[in-house]
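Participant: For reference, the chains in residue letters:
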Amino acid sequence: MVGIPGTEERLILADVEDRLRQVRGRFNFHTVQHHLYRLGTVLALGTALLIVCTFLLSPLLFTLVSWPVLVFLAFCFLFFLRSGVADWADLNEIARRVDAKVGLKERLATLVAHLTSGVIGKPSPSSLWPHLLAENSALMNEWEVRKVAPSRIPWSAVPFLLALLLAFFIASIPMLSDRSAQDPFSLANLQTVLGEFPDRASELLDKQLSLLPDSQGQWGGSTLYDTPANLEGKTQETTNEGDGQNQDTPGENRNLDLRSLASLPEALQEKIRQALQGLPNRGQPPKPQEAQPADQDRRLALQPSKDQKKPTASLEGQNLPPGEKPSRASRNRGDKRKEQASENGNPGAATSAPTQGAGLQQLEHAQLDRKNARGTFQPDSSQVPGSGGQAGEGGPGAGSGTDPRIYGEQKNLGGGSHTFQIALETTHEKSHEGESDTDDKDTGGIIEKSTKNLSQQQSLDDTIRKSQIPAEYEEIVKRLFARGESR
Amino acid sequence: MSEAPATQLISDFQKTVHRIESELAKAVIGHEELVRNILIAFFAGGHVLIEGVPGTGKTLIVRSLAEVLNLSFNRIQFTVDLMPADITGTRMVMDREEGRREFVFVEGPVFAHILLGDEINRSTPKTQAALLEAMAEQQVTVAGTTYRLPPPFFVLATLNPIEMEGTYPLPEAQLDRFFFKVRLTYPTHQEIQRIIDTTTTTSLPELHPVFDYAEAPERILILRKLVREVLVAPHIEEYIAALVHATIPTGAKYLNTTDSARTTLPKDDFVNRYVGFGASPRGGQTLMLGAKVVALLDGRANVSYEDVDRVAIPALNHRLVLNFAAEAENIDPAVIVERIVHSARKLRR
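The listed protein sequences derive, respectively, from chains A and B. The numbers in the numbering used here rise by one with no breaks, and the one at position 133 of the first sequence is 133. The numbers in the numbering used here rise by one with no breaks, and the one at position 130 of the second sequence is 130.
Please note: incorrect hints may appear among the correct ones.
[Stated by the list, open to error] Restricting the straight-line Cα-Cα distance to at most 25 Å, the calculated cross-link-like pairs of lysine-lysine (BS3-like) are: (1) Lys147/A x Lys346/B; (2) Lys26/B x Lys15/B; (3) Lys346/B x Lys101/A; (4) Lys122/A x Lys225/B; (5) Lys207/A x Lys271/A; (6) Lys225/B x Lys15/B; (7) Lys207/A x Lys147/A.
[What the hints assert, rightly or not] Covered by chain A, per the in silico footprint, the following chain B stretches (three or more residues, Cβ under 8 Å): (8) 200–209; (9) 229–240; (10) 298–305.
These are computed hints drawn from the structure, not numbers from a lab. Where is the CB? At the ideal position from N, CA and C, for every residue including glycine.
Pulled out of the complex, with its shape left as it was, chain A reads as follows:
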């Protein structure tokens, strides 16, 4: 080649280096995928193990088992991270692999070894160096990037997918099980779940889909519609809370940290149970619904639906439209449970115990909470299942599907004292329509005034609209309402 001496040599070296970099990219991407799949496999299996242990083991045993599992998972994470770094190939390594794959007899590796050691711009390392260059240049036609490093999914993807399926299957068992089943992985429960798997799965899927938000703007709990003043207030509250925490002494903080660390497995077990079955931990007394509602329930309860905009004479009709019968599967299960309850000599259990699967029950809680957010004043007795209230008679939320704990455990109701809620939604909507209703006259003026300056979305998100007012404030609220009436 005529030109600057060494130009052809540099061109060949640049060509080889460029192609090797492409191969290296593919090899390293494949390596990263491989390690990620392996890590995913271990994590999926570990998660499945934890789920099984959550329901099979007591909190103490779960603590004993979960710590090694968590430590093992952390170790695996670090191990695969280290393996990924160690297997990260440089150009020399890639050249050796290409040599081995194509059968170049170390021609490429020798060239790259001298290339990386800085042969350019220096005297040739040997009188045979040009021959090596020429050979590599000629042999470059025999190996292509795609052939040497084809884009393929690593074999480790197969065990990863299997482990993922296993984890999903194990996680679905408690979701599809009856809520009353404290041990979802018992043989009897597994047979039941697997026997009714298609019905339960489709029902759970339908329920999930029905609760999806229509649009982001309809999330009742969103802060998107907060006024700047409200946002500032919330920020201030958060800051104050943070400051309050920071004011703790270091020793207290350390103790708190240790305590929270020690209770980590227990909390994890509880979280898993709640997430999959909506149940408190085994061996712990069930907590009041108000005190510890599931996060998802709370979110779903704040979520307005299309039906919410319409004035509803009976919320029972929302859950179960008139003339529409419950699905066959749920009816069948309900019938079965009624039969079981009858056999146990406890007919009331048929109505007091939830008859849906755990996941389904959880979703119903969410729907009921939504009702609760716009319910009318109800005496407690009508909310207690089995107390004589029938579907459509007790007003909104008094249907047979009402969760008995929707207003908390019965023992927390104050020994027969009343709790009540204001029919804010009804009043608001009807006052828009301008209808004259005796009930509406009592409260409509105040509520309308209180939400007058808010947008429609904000008024739906109004705090007072969602609040449950304790019985002891009944007199105060009534007095306020009376004042509004007098005006």
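With the hints as your guide, set chain B onto chain A.
Facilitator: Okay, now just chain B, sitting in the frame of chain A:
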């Protein structure tokens, strides 16, 4: 880029060796592998120890080689009463024309390009040691005067494995100075038939020298220099070092315990059980140079793993000092080297 000269050099090397082999094949029936090993050692600048039963063509091979290469050739028949001076030469009193007498150094048979030491184990260690300096330094010292041997200097010694009475096994230090130790096997049935056919008639094979007599040493030295120009990647050097290190048993004396090599091989069970002392660094040098010749013969300018493996057994088998257990169980050192090479394949990636 001067591609053509480099390629031409390699091509010349290949052609020369192939011509030598084809000429040797006229006289030596069979033993192609042995001839190839001898030529590898010759162009790498080493010496060869041939072990074989009498009558299998050891002397024929060496004499034919000298004839083909057109180099000077001497033969020494080692016997018990052979003295060092019989090898190196001695100072003798010579009468000058003017009547003056003086000591003149008379060169021994070692002063030749190719030296055949026949049945080297029949002489005493003192005489054997006379070859040490010649083989290693390519020079001899007589009466305080050092004489350079004419390059290229190539020693080809033979060992007779039978009739071991009255023999003196070569010391390890001298064995280590041989580049290769090759074994001459019995010829096959067809080879014996051809040997009988070609050597019992009036028409003996005529060998044609590959080089001119005047330029032969220089040409050979150029080819030897070319061998050292062959390129080697660092991972090949690691591989060779790992092979050599793998021959050293775990509990060996003089083992460096602070060795933190990155590329190591697990010790073979045979090595720990049967090897007293492993190969020396000279073994590594042999592997490298031998592999370079093999690479050139393959038309490459770089060494590959296969080249190293190809020369591993002849380069290492005589460098392993086996212990009494190996002697008792009749363990062949070549088997141990073969096991090491086999286990070293996992180092290739």
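Participant: Give a verdict on every hint.
Facilitator: Hint-by-hint comparison with the structure:
1. Lys147/A x Lys346/B: holds (24 Å)
2. Lys26/B x Lys15/B: Measuring from Cα to Cα gives roughly 17 Å; hence the hint holds.
3. Lys346/B x Lys101/A: holds (15 Å)
4. Lys122/A x Lys225/B: holds (22 Å)
5. Lys207/A x Lys271/A: OK: Lys207/A and Lys271/A at ~22 Å, within 25 Å.
6. Lys225/B x Lys15/B: holds (16 Å)
7. Lys207/A x Lys147/A: violated (49 Å)
8. 200–209: Coverage by chain A is violated here, the residue count being 0 at a Cβ distance below 8 Å.
9. 229–240: Satisfied; 8 residues make the cut.
10. 298–305: holds (count 7)
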